[in-house]
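If you read the sequences in order, they're chains A and B.
Residue 1 is where the first sequence starts when you use our numbering, and the numbers rise one by one after that.
Residue 1001 is where the second sequence starts when you use our numbering, and the numbers rise one by one after that.
Bear in mind the hints are in silico, worked out from the structure with no lab data behind them.
Note that CB positions come from ideal geometry on N, CA and C, so glycine has one too.
Possibly wrong hints are sitting among the right ones.
[Claimed, not checked] Distance condition first, Cα-Cα at most 16 angstroms in a straight line; then the derived EDC-like pairs of lysine to aspartate or glutamate:
no.	chain 1	residue 1	chain 2	residue 2
1	A	K23	B	D1077
2	B	K1112	B	E1147
3	B	K1283	B	D1297
4	A	K23	A	E70
5	A	K17	B	D1077
6	A	K23	B	E1117
7	B	K1072	A	D74
[What the hints assert, rightly or not] Examples of chain B residues lying across from chain A (beta carbon under 10 angstroms, computed):
no.	residue
8	C1041
9	E1067
10	G1092
For reference, the chains in residue letters:
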Amino acid sequence: MIELDARRLMCPMPVIKTQNIIKTLSPGDNVRVTCTDPGVMQDIPAWCRINGHIVLKTEEIDYEFILTIEVGSD
Amino acid sequence: MTKQRKAVALISGGLDSLLAAKVMLEQGIHVEGINFYTGFCVEGHTHAIRKKDKVKPKRNNALWSAETLGIKLHIIDVIEEYKDVLINPKHGYGQNMNPCLDCKVFMVGKAKEWADENGFDFIITGEVIGQRPMSQRRETMPIISAESGADDRLLRPLCAQNLPETLPEREGWVNRDELFDFSGRTRKPQMALAEKFGFDDYAQPAGGCCFLTDKAYSVKLTDLWASRGNKEYEIDDIMLLKVGRHFRPKPHFKLIVAREEGENNFLQGYKKQFITLRTMSHKGPLTLLDGTASDDDLELAAKIVARFSQGRDAEEVDVEVSDKNGVAKNITIKPFLPDEINEAWRV
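Throw the hints in and build the complete structure from the sequences for me.
Here it is, written out as structure tokens:
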């Protein structure tokens, strides 16, 4: 599991960080993104849908928003 | 077999870029979107700050456009590169601090670089002649094509019939007859086309997609630069210009006073970078002090902060002043009356 710390970044920066790390990964890899901007709960899943990645899990723990993503094949 | 031609579309999240991309998709072109994040984009983060804006969940309209079109979207961080566009615009500023023409040249140029690196044939934008007073005029269209380096690989599907033929048209990759001749500030042709395509939930931003077109924001940016004696900035600087009431009671310091709970929470994240003030005896806003302040300055600042607390009419208000290391001291002051806050202090 790759960990990405996107805390204290406001959208769209967490989306950009997620996009950039996924570029370096292979299909099937998982990445866990931790954020503090609640906007990511809408924006990162939208970005994943249009770019063919799968959001496996979303969590909200102590004002942090955590998304686990599986890298898609395209 | 005919080669599948590919276009990269500048997607702002507005209606015009949505339509331009759709027109290309209708002609069988493979389209992917590109969106540049300058730090000044209205899309994105400000809605995450103010609590009042959270009643209706906001969406990122560039992502929404891409999803509606069924295309990929590549969001590119250009914060650092954009500084030169803003600080040294060859074509100058618009009505406020908006370097729209240089911005468009820059973005089309970046899209062209991206197209070259990724094997795309041409670039499309949602530009319409006469739509914007600075960047979208008949005279500026060739400037953008030439200075960006895109030249005739830049196609504007919504007004292409008013412009010379471009490479994709000449080569027959797209059919010029099925492009459009929109012009002027009217939105009616775009709205009619949107209806034809079944788009009914598109973004209609009142002030465009960039904070630099906003007068109040531009005044704050100009004040920031003037106070520093140069035009340098970091992302935190430009974020903070979007938050709170700003006062500059002295040339060497500025106050950023939160307006509500969401801004209070946001400013908490800056407590290690700024002196902060908070009323202790009464509920009140968190305030950042940007600059240096003597004891007299801190007292002045405290009187302003207390004016925006629930103790505004009290004889005495206790204000806690914390330095960047969290070392705090309390001062007791009488809040300013409304007319004691000099209007010239407001930024």
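Checked hints:
1. For the proposed pair K23 (chain A) and D1077 (chain B), the alpha carbon gap of about 15 angstroms is at most 16 angstroms, so the pair holds.
2. With a C-alpha separation of about 11 angstroms, the suggested pairing of K1112 (chain B) with E1147 (chain B) holds against the 16 angstroms cut-off.
3. Distance restraint check for K1283 (chain B) and D1297 (chain B): the Cα-Cα separation of roughly 22 angstroms exceeds the 16 angstroms cut-off, and the hinted pair is therefore not satisfied.
4. Simply put, K23 (chain A) and E70 (chain A) have alpha-carbon atoms about 12 angstroms apart, close enough for the 16 angstroms limit, and the pair holds.
5. At most 16 angstroms may separate the alpha-carbon atoms for a hinted pair to count; K17 (chain A) and D1077 (chain B) meet this at roughly 9 angstroms.
6. About 15 angstroms separates the Cα atoms of K23 (chain A) and E1117 (chain B), which keeps this hinted pair within 16 angstroms; it holds.
7. Among the hinted pairs, K1072 (chain B) with D74 (chain A) is consistent with the structure: their alpha-carbon atoms are about 11 angstroms apart, no more than 16 angstroms.
8. Checking C1041 (chain B) against chain A: minimum C-beta separation of about 8 angstroms stays under 10 angstroms; hint holds.
9. A distance limit of 10 angstroms between C-beta atoms decides the matter here; for E1067 (chain B) the minimum to chain A is near 5 angstroms, and the interface restraint holds.
10. Nearest Cβ of chain A to the Cβ of G1092 (chain B): about 28 angstroms, over the 10 angstroms cut. The hint is violated.
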